[in-house]
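**Q** So the sequences go chain by chain: D, Y and L. All residue numbers for the first sequence refer to the numbering used here, where the first residue is 1 and numbers rise by one. All residue numbers for the second sequence refer to the numbering used here, where the first residue is 1 and numbers rise by one. All residue numbers for the third sequence refer to the numbering used here, where the first residue is 1 and numbers rise by one.
Simulated from the structure, these hints should not be mistaken for laboratory data. The reader is advised that the hints may include incorrect statements.
It does not matter which identical chain is used: a pair holds within one copy or between any two.
In the EDC-like style, the derived pairs of lysine to aspartate or glutamate whose C-alpha atoms are separated by at most 20 Å in a straight line are [to be verified]:
1. Lys251 <-> Glu239
2. Lys229 <-> Asp216
3. Lys12 <-> Glu60
4. Lys12 <-> Asp24
5. Lys21 <-> Asp52
6. Lys212 <-> Asp202
7. Lys65 <-> Glu18
Since the structure is predicted, the reported quantities are computational estimates derived from the model, not experimental observations.
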Amino acid sequence: MKFTGRNVHIGKNVKIGEGVKIGDDTIIYDNVEIGSNTIISNNCVLGEPLNDYYNNLSYENPPLKIGAGSLIRSHTIFYAGSTFGDNLQTGHRATVRENTIAGRNCSIGSYVDIQGFCEIGDYVRMHSYVNVGQGAKIGSYVFISPFTVLTNDPTPPSNTIAGVTIGDYSQVTTSCVLLPGCVIGRNCMVAAHSTAGGTFEDYSFIGGSPAKRLCDIRKAPIFNAETKKRHYPWQYNFERNMPWEGVGYAKWLEQNEQDCE
Amino acid sequence: MKFTGRNVHIGKNVKIGEGVKIGDDTIIYDNVEIGSNTIISNNCVLGEPLNDYYNNLSYENPPLKIGAGSLIRSHTIFYAGSTFGDNLQTGHRATVRENTIAGRNCSIGSYVDIQGFCEIGDYVRMHSYVNVGQGAKIGSYVFISPFTVLTNDPTPPSNTIAGVTIGDYSQVTTSCVLLPGCVIGRNCMVAAHSTAGGTFEDYSFIGGSPAKRLCDIRKAPIFNAETKKRHYPWQYNFERNMPWEGVGYAKWLEQNEQDCE
Amino acid sequence: MKFTGRNVHIGKNVKIGEGVKIGDDTIIYDNVEIGSNTIISNNCVLGEPLNDYYNNLSYENPPLKIGAGSLIRSHTIFYAGSTFGDNLQTGHRATVRENTIAGRNCSIGSYVDIQGFCEIGDYVRMHSYVNVGQGAKIGSYVFISPFTVLTNDPTPPSNTIAGVTIGDYSQVTTSCVLLPGCVIGRNCMVAAHSTAGGTFEDYSFIGGSPAKRLCDIRKAPIFNAETKKRHYPWQYNFERNMPWEGVGYAKWLEQNEQDCE
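Taking the hints into account, I'd like the entire structure generated from these sequences.
**A** If you want it as structure tokens, here you go:
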């Protein structure tokens, strides 16, 4: 009942892969490309025109590419001019502006607001209400929890954009503020409600307002409830939807590094 | 003009009580039951199918029940597989996932995101942007303010779900983080911007990051502006939309306890 | 493709100025007035009826006025009974309730929730997810960042409304809680993640939980990355979309003060 073709409107030069489903009341603007077997649920807006559209008669929509095998849940708005890799998932009512380059297997939660002009790696998972300011560079296998904001203006208001950088495998938990220009290394963990600025080395356990490096996360007494072992680096204790699912991180890493040689 | 029947789509086996109004552009999927005199405003989605719907040809929508006398404001999304008691109210664009069991006279504000698999008592009021993680157990007469999050993963990311518990009559004010497994007793008050973990006994006044029990809320020097008396326990000073409205809490409690005997 | 008139529904006594565009799937209820050359994008709801509408057969929608030259982005909901000056901009999915009086050249970001019964000056910019409680008085040239909440109930829950006041030119940065009755003077700066209550004089640099006046913002060692000069008062270093754009604040102020004489 979601895919009856009711009130679906599709612009010019839209490329729709094999097996794609498009939900009712969805609008797809010009120059959108959707990979095969992707599901666009109802009431979505893909290729939302940029501001120039409203006043420039010769406006041309920049291309939006969505990878294959994705599931775009209802009421998502994606602006024109972005690229998402395969197997993307969104929650409801996410908004992603132009010039967002995201890798494969990413998950963008409900009410997430990505302001565009940012880079996102593979297997990144944003929970609900994550706010990503322009200029952000987010690595791969990064998780960001609700109400966390990646800021970018060191002297509001100004014309300076100092985006946030987050390294691979890092966890930024709920309700954190990452201050302009903040650099979180790889394999870090930012505790809930932190206010983090400056640069943090790999494996930092970060917490407080202002946030400090509390210790090496590998030495933090944080244990996995199932295995009773130290939980971090978490890759050894969690594999759901990760590329090492069923293989284990250690083995996957070994295979992966061999592949690279 | 809201209830012209325009673009209303209703699935199979939908039971609609007497006097129900359904707003334009609203979609009701299979197996939804709506109590009498409930108003579903425009652009709502009721019985949103679970993930299995997208790939399983024999998918059957689990039932969604909405009590009588409710007012579901526009753009609300309720997944299939939940139950709400009578006199529910929602704001705009709330999202509630499956396996949410809520009592009567609840209020779910705009942009609220309830992740499902949770229990909510009677007369619970969530303001805008409350984020309820899976596994939460919320008592009755609980108020939760904007940007407050009930977390559940003690070691993100992991498969462990340690939901939050909030006792009857407790107030969780704005921008709080309730850490995984946190237990807030009955008649507690959590101050704004707190980060609370662990277990707090009844009548705790809780605040800080990390939050501590500051004192017994009954002894806190917090006075009602109208009565000039100590405000907590608040039931003696506030009755709007509460079951003791017009009767007073003391008398209502007495009657209620007698009824129980 | 946004303005084809598809599924546009317009109530009684709606006044639409010259050159106005109305997006597809937009609903405009009774007694709305839209200034000339304003663009209402798709899926908006203007003049959303107040609660009384659902039960009162003789309900009359109070007027909603939107100034000329505005751009209302998609999925915005404005209740009946408010007034917005010229050149308003909104993001996606903003919600503004009744009895909001806003000046000209304001910007209301995506997911913003304004609860109504409040006053907003000119050139106010709210980023995404700002929550404005009833009773707020916001001056002109004020910027408010994501996840910041202006509260109003000093003793939740109660019938007391003690709105927040923010003076002209003040910056309230991300994830702040302004406690009930908080008064922020003119030209203040509230640091990220602060919890501010009480009254702060003009030019205060405010930070912490609970927030204190850290120093005079004019003496804070915060430098503009372009000019290398002290950034605050920011008016001397930032002019994009401000009335002194192209003139400079000093000169504009001089002219303005002369105009007033």
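**Q** Hint by hint, note whether the structure agrees.
**A** Evaluated hints:
{"no.": "1", "hint": "Lys251 <-> Glu239", "result": "within (12 Å within a copy, 55 Å between copies)"}
{"no.": "2", "hint": "Lys229 <-> Asp216", "result": "within (16 Å within a copy, 38 Å between copies)"}
{"no.": "3", "hint": "Lys12 <-> Glu60", "result": "within (11 Å within a copy, 36 Å between copies)"}
{"no.": "4", "hint": "Lys12 <-> Asp24", "result": "both (19 Å within a copy, 17 Å between copies)"}
{"no.": "5", "hint": "Lys21 <-> Asp52", "result": "between (30 Å within a copy, 15 Å between copies)"}
{"no.": "6", "hint": "Lys212 <-> Asp202", "result": "within (13 Å within a copy, 31 Å between copies)"}
{"no.": "7", "hint": "Lys65 <-> Glu18", "result": "within (15 Å within a copy, 37 Å between copies)"}
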